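Student: Residue numbers (our numbering), protein chains in the order written: chain A, 1 to 280; chain B, 1001 to 1176.
Honestly, I wouldn't trust all of these hints.
[Unchecked claim] Just so you have them, the derived chain B footprint on chain A, three or more residues with Cβ under 8 Å: (1) 14-24; (2) 31-39.
[Said to hold, decoys possible] To list a few chain A residues with every Cβ distance to chain B over 12 Å, as calculated: (3) Ile51; (4) Thr66; (5) Asp106; (6) Thr188; (7) Glu229; (8) Asn257.
Derived from the structure by calculation, the hints contain no laboratory data.
Remember, predicted model here, so these are calculated numbers, not experimental data.
Don't be surprised by glycine CBs; every beta carbon is placed ideally from N, CA and C.
Take a look at the letters that make up each chain.
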Amino acid sequence: MFKTLAGRALVPVGIAVTGFVIVCYLLLYSAVKNEVNRDAVQHATNLADTILKSTRYTMLKDDRETLNTVVFNIGEQKGVEHVRIFNKKGIVNLSAKREEVNQQVDKKEEGCITCHRGDVPITTLGSMQQARIFKNANNKEVMAITAPIYNEPECYNAACHFHPPAQKVLGILDIGLAQDSLHKTLATIRNLMIVFSLMTLILTVGGVSALLRRSVFLPMRQLSEYITEEKNAAAGHLTQPPRLPQDIDKIATSYYNLRLKLSKSDQELNELRKDKAKPE
Amino acid sequence: MTQQPLIGQEAIKTDSLESLQQNILKEIEHFKSFSNRGLWAVSLFLLVSMTAWSDFPFLDLPDSVLTALGKPPSSQSISMLLLIYTFSAIMLSLSRMMAGIEHKSSFVHVGYLTGFYLFYHFARALDDNYWAVFGAGMTILAVESYRIWTFCSEKIIKKKEDLEFVRKTGRPPLED
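Same shape as in the complex, but just chain A (with noise of 0.2 Å):
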């Protein structure tokens, strides 16, 4: 393979084609993948701002009932997997899920490990830092987010109940969503980035091995053909060589002139040796 003339041509575009759109289709997934998964993040962040916004002024009332339901209510939304809000101690205040309402959250799980590494818990996080992926108790790969409830003017100087200033996280709203829809998006762009890599590498290595195979190989091997029938014919019997492209045809051009002053020097030789042969 590596000896002949297509094997050497071919074998290093080949290779350097087939894993050049490897390396693309790598790097492009990853780019696309991290973008898809950002906008997921931003879409939950701007989800969970949502709630704590539309919440706020129910929560300054202390209406627990309808924050009950507006949990409630979001909870019941297609890929919404869990919605809760907890106190600082970690005592889950309001669930979509009623039998999670006052249970203590463990601090050592996925979720809440990231702030409660140290021995003081962080207060502030990126919304990268807020989102984490993990797979729930139903089987299920969710991404969460948690939003800090931080303690305002309106919070400790409010008349119905009273926080004390120096507290700054009042509570968490900690929000899942399901990450089905996102694995089906990222794996239909996958898909579509495998079909159309493996498109361009056929299109490319099977465009080049046509041409070189239309343009060079062919007329390579009619070329080699035409040789071998020519070696051993005799003087007068010397075939024009066939059409080929035109640097194989001056190669070709030359070796049956070649051929023929050959042929012509054998018969004005055999000649002078029949003269000399002949008796005076």
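Using the hints, position chain B against chain A.
Tutor: Below, chain B without anything else, positioned relative to chain A:
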């Protein structure tokens, strides 16, 4: 009187022919060992890739390095650089293959690729981009290995023909 110098010249000629043959044989040996250079580079790259796969266990954690060196470039910038590097390296290798140049560049590429692994590692993006670096490395080193191997094969054939010519004619081979 005149025979002595002739015998001496003959001896010198035989010695120079012997040394010429030895030189050609040495060159053949050199090309034989040089043709494996690409494979050695691939082996070294596989070793580095295995270390990268296990997140460079002998290195400090990214946090301590980031504290010392500052914020790493974004993974998009590193990816863009990797793409340009892969394209340039393949083009350079194919050009050298076309020109028939002897260039010992394989191990340099292993160094560059290790750099990419490290950059991704410190940017915490190695998990997403590991296979891209691996693919780029295997492609570049495969093309380089092929280039070196074909170059050496051609040279070995040429040197063997030269050796045959020297043995048959007793004259030094013709220059290209």
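Student: Which constraints among the numbered hints does this structure fail? Numbers only, ascending.
Tutor: Violated hints: none at all, because every hint is consistent with the structure.
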